[in-house]
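Colleague: Residue numbers (the numbering used here), protein chains in the order written: chain A, 373 to 865; chain B, 373 to 865.
Please keep in mind that the hints were generated in silico from the structure rather than gathered at the bench.
Keep in mind that a hint or two might mislead.
Since the list gives no way to pick one copy over another, a pair counts as held whenever it fits inside one copy or between any two copies.
[Said to hold, decoys possible] DSSO-like, lysine-lysine: derived pairs with alpha carbons at most 27 Å apart:
#1 LYS863 with LYS708
#2 LYS687 with LYS631
#3 LYS470 with LYS449
#4 LYS505 with LYS449
#5 LYS701 with LYS668
Source: prediction; values computed, not measured.
For reference, the chains in residue letters:
There are 2 protein chains.
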Amino acid sequence: MSKGLPKRSEDYSLWYNELVKRADLAENSAVRGCMVIKPYGYSIWEKMQAELDRMFKETGHTNAYFPLFIPKSYLSKEASHVEGFAKECAVVTHYRLKNADDGSGVIVDPEAKLEEELIVRPTSETVIWSTYKNWIQSYRDLPLLVNQWANVVRWEMRTRLFLRTAEFLWQEGHTAHATREEAVQETEQMMNVYAQFAEEFMALPVVRGRKTENERFAGAEDTLCIEAMMQDGKALQAGTSHFLGQNFAKAFDVKFAAKDGKLDYVWGTSWGVSTRLMGALIMAHSDDNGLVLPPKLAPTQVVIVPIYRGEEELKAITEKANEFIRALKRVGVSVKFDDRDTYKPGWKFAEYELKGVPLRIAIGPRDLENGTVEIARRDTLTKETFELSSQPIEQKILDLLDEIQNTIYNKALQFREEHTTEVNSWDEFKDVLENKGGFISAHWDGTGETEDKIKELTKATIRCIPINQKEEEGECVLTGKPSKGRVFFAKAY
Amino acid sequence: MSKGLPKRSEDYSLWYNELVKRADLAENSAVRGCMVIKPYGYSIWEKMQAELDRMFKETGHTNAYFPLFIPKSYLSKEASHVEGFAKECAVVTHYRLKNADDGSGVIVDPEAKLEEELIVRPTSETVIWSTYKNWIQSYRDLPLLVNQWANVVRWEMRTRLFLRTAEFLWQEGHTAHATREEAVQETEQMMNVYAQFAEEFMALPVVRGRKTENERFAGAEDTLCIEAMMQDGKALQAGTSHFLGQNFAKAFDVKFAAKDGKLDYVWGTSWGVSTRLMGALIMAHSDDNGLVLPPKLAPTQVVIVPIYRGEEELKAITEKANEFIRALKRVGVSVKFDDRDTYKPGWKFAEYELKGVPLRIAIGPRDLENGTVEIARRDTLTKETFELSSQPIEQKILDLLDEIQNTIYNKALQFREEHTTEVNSWDEFKDVLENKGGFISAHWDGTGETEDKIKELTKATIRCIPINQKEEEGECVLTGKPSKGRVFFAKAY
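Isolated chain A (complex conformation) (with noise of 0.2 Å):
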């Protein structure tokens, strides 16, 4: 199965297309743009939203669920926000089909026009807002904290499963509070709960920061974000988290009355994750056998592979492989004992490698014979004879699947680190960029010219302001201008 996957030295974007592909986890479909998430794919995603979700409700959000669609005139009412996202939006116009006169089959009916446009939401502010004008009257209303999971749909030109599509899956929280702070308040933490997911389940070591003026969300005051490295040294956003300051409030006229009686406008928080995780779930930890997936999102943490000729073999295996079972399930793994007779072990093997499930358990009669089985890891391909009465197998199990989710991180976090290299001159920055990637972290004047210049000779961009940013006084790289901190710079996906 795995046989032909390209190397990632060789063509790291043919690479990831071709695992997308053939670890079964999405493929394009009829629609330009639109992606079929196949079953593999989806219970990865079922496990990162189950996550997800429960962060989001231990952090007092409760889920909700707004309409598909947005009318014309609503998107328009955020001035910025319609600026953004004008060019990208699917619309609705007719709501009817009827049968051509001429027999040549279904055509849309003429009749049957909207008076007023709908927009297929790219996301959903403008019809959240104008709800909530209905929902919030006083203080006690307040705060709102409310997500939802939807599709969205943008109208990319190109597209790139997972981590780019026309339609695609997510959640946006959508929050209303009393007083800024609270929702810059809410900002941050809807970040951090982001980076937590990222770095304990994804094991991906993300920088947490801030975006410049240039990349922040149509509509917003400040946006948050968290930042992730790809083995080709680009960046991916993989969160975001917007202060939306009054500006939809003002958009959509939602007031409330404070405690002393007083009228003012509602502040607002935007934060959102899609399936581009996915995507970078696959570009982090994958190699040139197939996907590796961290312990803790796999939908199958454990395989059994029986080696067996004949009957009477495969009983005797089925046997001791059932008792592993009952053990694994106990403490809470998830294992599947492959005993088709329709496949080899080889083959096995390989198709188990390419979906990235952590841990293997080869039993053979030999290993019943002395009480050992064979385990493989997939992050380190390697393997061991385990000797079943050293410890219990689901001992075993469990560290071995904490020490692979940990490994994983640190094998990301130290190719991060490798690859975040500080410049001081613009030579060095063009060097960098080229020949080694990752994140380049440089003085910048703090002015979207030197941005937008910056992107236009190197198609780098600024991925954020490190929350953590050192006071330090410098020199745009590319200007010379002073500057107070070091901003991250990367090619980006």
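Given chain A, work out where chain B should sit, using these hints.
Modeller: For chain B alone, coordinates are given in the frame of chain A:
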């Protein structure tokens, strides 16, 4: 809060609409026919989803995700399918907005017209079978057992919250099989899964049956369904499971090689339930005081309300409440302690009645002295003083929750039985329909013409031919022509 909720006996329809809004379940949005599912309503839907999803997985299904958009030409490939859905399709024709030249705002960019219009999925058979063509080559790829949780759009002219909305949330299962028998079995299995879910979790007794040809899904060879009875004597179709024969396989050329190498078209099924179930849940059990929720689907099963004057009393009550909360959470009961001082106990009682919380525990200073609490049941609106020394509180609550679940079910079952009438003449038919409502069990001559005629005359439709239909010679209630068994008629949502 519940003050002023209209009475069921006076205006059932208004009662329903008001209840949905006041209990914070859903509301209409700015987009015609599209609803906002509010946090409380959504939390009930999430509980339904979780149980259904578990049941689907236990029967071997996995989730996946397919595109929102369907090319117009795809929808047309199965003749009766497009016939069934063409009249209610939302159509995307453009992919960009732009600023109007006259500065009047944002308009649809006429230059960004799609080559082929896209339909917002009303159901996904076509896009899924076009995908299955690439997934299925041989018998080894079968059965393919996939489910999708998604939003769909059907441009209904008359809409009602949850019951009939332009956009709704649902799950749609789409399976592919090597033999007719296996597909038929799957169709039946999923009807039974739905029936089990309705009865066990929603406390909603249902009739399992088969749709007549007139009422069949557009593109199916056979449609099985579960039908429930609402308190106003109208029926509600709560779930359907379709045997698709080889219709979609033929439309999308999906063939497989059998073990003997012979090529044949694949057999298909599809099955779905939607947020319509929320409407059924509300209408089946609730009363003039508000929502009545079966404990198995109640987001909060128990609310504890302190009755106190001053900090001292509250402190002592809180201590006791925390003890209960720990004990209840340990046995998996969801419990909320409402110690807000901004609302009075009476207000809270009415509020939790409106929201359908199954059990309310009130604790006052005298209770603390006496070692008692007051427990109130939402379903019967009865109260009892519970002696804490008599048995552990968590056992008492678990027993009560079970009893409530059963009581609600039995009440609905009794109502349905009282509202299921065998009739043997046309006069009787009209009389029962007019004055009593409910299911009418009557003989029918088996023709679509008679069915249409009865619908035209009375608005009653054949809800189903019951699965357990008894063989019984009889005469059609309208035409007098021979019939082999009774079918269920009703007015329906």
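Colleague: Run every hint past the structure and note whether it holds.
Modeller: Against the structure, the hints come out as follows:
no. : hint               : verdict
1   : LYS863 with LYS708 : neither (40 Å within a copy, 49 Å between copies)
2   : LYS687 with LYS631 : between (73 Å within a copy, 26 Å between copies)
3   : LYS470 with LYS449 : between (34 Å within a copy, 14 Å between copies)
4   : LYS505 with LYS449 : within (14 Å within a copy, 44 Å between copies)
5   : LYS701 with LYS668 : both (15 Å within a copy, 26 Å between copies)
When each numbered hint is compared with the structure, a violation occurs for hint 1 only.
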